[in-house]
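Visitor: Chains as they are written, first to last, in my numbering: chain S, 402 to 628; chain F, 1035 to 1210.
Because the hints were derived from the structure by calculation, they are not lab data. Hints may be right or wrong, so weigh each one.
What the hints assert, rightly or not - Pulled from the structure, derived: some chain F residues nowhere near chain S, Cβ distances all over 10 Å:
1) L1095
2) S1112
3) P1177
4) K1202
What the hints assert, rightly or not - Listed next, the stretches of chain S that the computed footprint assigns to chain F, with coverage defined by at least 3 CB atoms under 8 Å from CB atoms of chain F:
5) 453-462
6) 535-544
7) 548-560
8) 618-626
Every residue gets a Cβ at the ideal spot worked out from N, C-alpha and C, and that includes glycine.
Single-letter residue listing:
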Amino acid sequence: MKLSSPRIQLLFAAMLPALPVQATPEENFVNPLVQGQFQAAEIFSESGFEDKVIGKLESVTLDGKSLLKLISEATEVDFPRGARLLVDLGGFKGANKFAPMSGTTAGAVFVVDRDGNVLVNASAYMLFEFDFNALIYSGLVDFLNDKEKTKNQFPATLRLLFPHRDIDILFRGNCFENFRMSEPNDEGIQRVRGVTRFQGSGNGFFDDERFIGTVHCVLRGNELVED
Amino acid sequence: MERRTSFLTGCSLAILAAALMWVPPRESVVNSADSRAKTILARASPGAGQLRARPDSSKGLSAPLLSPHPADSPEHGSWISDRCEALEGLGWMDDEDSLKSILAELKNPEPEIREAALGAVAVFGSKEAIPFLEGFAADTGDPAEKLALRKTAENLKIPTATEYFARKKSERTGGE
């Protein structure tokens, strides 16, 4: 949904002082990195006058390929070389650009091949939620020329859920996005680019043991949109 | 006596003249020129000089790709974004050539590309990258970049979930 008249756009801008900016391309490739420690062992022993327990932690990384492997196990689908993860905000822009949003925006996660073709919907195992209602931004939103260059910040969550490996972890944190949208060319086409860094921390279970860790994701979107 | 006085006066004048003719280079002028040169170099290739590969640490790696566009042009920015995207895609591959292409970009003069390359190394997840990362970390003068390179190297030493479950399976099989 694009508003054709600049006057109407300016009217909207005047009516909504904290106008939600465009923010975030619809499709973003994701490079995730999860790290943390889980309770590897609790060894109880009786010695002398008192009982003792020795706790042991183990560190583990869930990088993109590990997550791909877990999704492959869960879906029983083998992925080709170069397969990767993609987050789709599914129509967020059209629905919410000029209106207050209700709740958070879920980002469905897909496994795509190296050409971007969807192989599997992995949203049951990885789910992003972005709270664009809480977005703050700096930079320029030019309604007359329909272009934008902003730095956006908004909260987000990521849940990892792989029941077959007893993994269930919820991360909370903030996204920091560099966003650019060019003004439409003669054919009404705009280039939209966004790089979002999501950093969060969280807890849950890994291999059925208590887990505490951090997540760092880079989401990169680059698309052409029609005015 | 007069001759001796004249001779001494002549010598003194000669020494004074020599001292006046020799003007040592002013440090501020040298520093200023040096700093201007550094500024110009930095503008021409941002980040240049911050990350130089040692001959041994860059062994077997090709030279990083450089933007064919002028540094101030919009095309330059687009080229960098496209290059970052391509590198992040390479991170999901699993062949040696892809890893070497990513590692080569850790020497790129563009900081944004170096950052994307480092992210791609993390996604690639190969322990073979560790010596290269440690080598580059030793070479860079940028403390933040040094820390990021070392942290990535350390992270690669931590077992991945895939490795953990494979080890667990192997232990279980071995125990039976």
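Visitor: Hint by hint, where does the structure go against what was stated? Just the numbers, ascending.
Guide: Violated hints: 2, 4, 6 and 7; rest satisfied.
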